[in-house]
Amino acid sequence: MTLSQFFSLVDIQARMALKADASRYFLGYIWWVLEPLLYVAVFYVVFELVLDSGRGDFLVFLICGKLPFIWFSKSVNHASGSITANAGLIGKIHVPKTLFPMGVVQEGLYKQLSVFVLLFIVVLSTGYSITSAWVWLIPVITVQYMMIVACALIAAVLVCFVRDFSMFISLAMIFLMFTSGIFWDPRTLSDPSLTETIFLINPLAFILDAYRQILMNGIPPSAAHLSVIALGSAILIVATVRLMGRWSRLLALKALTA
Amino acid sequence: MISADENTMLEMRDVFLNYHSRKDTFDHGVHHVLNGVSLKVNEGETLGVIGRNGCGKTTVLRVMAGILAPDRGVVLRKPGSYASLLTIGLGFKPNLSGRDNAMLSAMLQGASREKAKSYLDEIKEFSELGDSFEEPVKTYSSGMRSRLGFTTALMTHVDILLLDEVLSVGDAHFKEKASAAMKARITGDQTVVFVSHSAGQIQEICSRAVWLRNGEIADDGQPSEVLSSYRQFLNSMKT
Chain H
25 MTLSQFFSLV
35 DIQARMALKA
45 DASRYFLGYI
55 WWVLEPLLYV
65 AVFYVVFELV
75 LDSGRGDFLV
85 FLICGKLPFI
95 WFSKSVNHAS
105 GSITANAGLI
115 GKIHVPKTLF
125 PMGVVQEGLY
135 KQLSVFVLLF
145 IVVLSTGYSI
155 TSAWVWLIPV
165 ITVQYMMIVA
175 CALIAAVLVC
185 FVRDFSMFIS
195 LAMIFLMFTS
205 GIFWDPRTLS
215 DPSLTETIFL
225 INPLAFILDA
235 YRQILMNGIP
245 PSAAHLSVIA
255 LGSAILIVAT
265 VRLMGRWSRL
275 LALKALTA
Chain S
5 MISADENTML
15 EMRDVFLNYH
25 SRKDTFDHGV
35 HHVLNGVSLK
45 VNEGETLGVI
55 GRNGCGKTTV
65 LRVMAGILAP
75 DRGVVLRKPG
85 SYASLLTIGL
95 GFKPNLSGRD
105 NAMLSAMLQG
115 ASREKAKSYL
125 DEIKEFSELG
135 DSFEEPVKTY
145 SSGMRSRLGF
155 TTALMTHVDI
165 LLLDEVLSVG
175 DAHFKEKASA
185 AMKARITGDQ
195 TVVFVSHSAG
205 QIQEICSRAV
215 WLRNGEIADD
225 GQPSEVLSSY
235 RQFLNSMKT
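Going down the list, the protein sequences come from chains H and S. Every number in my numbering is 24 more than the matching position in the first sequence, counting from 1. Every number in my numbering is 4 more than the matching position in the second sequence, counting from 1.
Hints were generated in silico from the structure; no laboratory data involved. It is possible that some hints are incorrect.
[As the list claims (entries may be wrong)] With a Cα cut of at most 25 Å, we get these calculated PhoX-like pairs of lysine-lysine:
(1) Lys43/H - Lys98/H
(2) Lys97/S - Lys43/H
(3) Lys43/H - Lys142/S
(4) Lys43/H - Lys121/S
(5) Lys43/H - Lys181/S
Computed from a prediction, not measured in an experiment: that's the story for all the values here.
Pulled out of the complex, with its shape left as it was, chain H reads as follows (with noise of 0.2 Å):
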């Protein structure tokens, strides 16, 4: 399979898989920003309206970490079962494996961009207006995209060989959701040091914070520090991709009879 045939199929699968899924809901595409704005409403009920965050701008600082979080747990979290989900068609035909955590990424970018487009008109709206750190947005999406990626394969093939895994990635993504500051401002901590440990051992906080800093602050992120988390996605995708290569027949078997 070549490389074009290889995305054009990802491609295909996404768009198939969008149109499917929204054709099955009465509000079909509505979904695709309904769905991250009510998250971000549960979050504001509790953290806003019950716990009191005591910040004026909490409902722009929310809406700034959790919908680029939704994006990485909700792909990582689906494309963590698509190998296994694709067991049918993986009995039949020798293709590679990556093909499936690949599709599932692919959807929830196509999503992402409208959600993005959501993203900055609430920031506008609310009194920001777009300065030149905007640019700056690029290199996190596409960073982001990154980790994104190398999670979503390495938990295809964790789940493929150990279904229990799926148990622990969903639990992990609720841990995320707790460490990677979404309702927090983890610049706000007593220790300076300990902000700066938690931006060092959870990329995901960086990029959380990154968003922050950009569109509320007019302020771009440490491109040193996006370099590193960039390098690392890179180092792991290429890693698993080439793994995947080499177990795809192992790959085919524990999905077939796992």
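Take the given structure of chain H and dock chain S to it, following the hints.
Quick look at chain S alone, frame taken from chain H:
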């Protein structure tokens, strides 16, 4: 891959395939699906593989198609040849329409987007699905599903055609039509491996037959001879 003989399209040499089921790590958790299978498929022949359910027929095809790798032994294919496995009923995405599924199947077998699109009208026509072609596959009856599967499979062109029970398709009218289309395809220089538990079908279309029992080759030769020993075996089980 290099094969020993000019006329050999595909050869399996002493192929073993096991897998572990569930948590058992000792031998009683291991399924021995293929136990030293050796067989040759010659260019242009139609080889029938017969055996009871669970004897390893589908696994043999999967190994031939390169979907699964043997644990021991080798599979040799004529250099540059491409084998494709055609099965029905499996591999469809239930939420996608018949059209989208057919398109995806064609592309997965190597067709470009444009080429895949060009097959669609023919597939719709032959499968006689009509307006249902645009409906999600989950709304199909099993007969409609297999008609779509068979037709999609029929449109692909490969060097070695591996068929898994595909002739047991649909109602009497479609079965006849499918049978005729498949026979037209099989005659000529197409190399075919055909798996079935129906002795009648093997007798009708195959030039050679192999009987697979518990992951081993029990007999290999003329269809009439292989089938008669297979029938004897079935009869001996009744008593």
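Results of checking the hints against the structure:
At roughly 18 Å between alpha-carbon atoms, Lys43/H and Lys98/H fall within 25 Å of each other, so this suggested pair holds. Between Lys97/S and Lys43/H the CA atoms are separated by roughly 13 Å; this keeps the pair inside 25 Å, and the hint holds. The suggested pairing of Lys43/H with Lys142/S holds, with an alpha-carbon distance near 15 Å, which does not exceed 25 Å. At roughly 17 Å between alpha-carbon atoms, Lys43/H and Lys121/S fall within 25 Å of each other, so this suggested pair holds.
Taken as a hint, the Lys43/H and Lys181/S pair is broken in the structure, with Cα atoms around 33 Å apart against an allowance of 25 Å.
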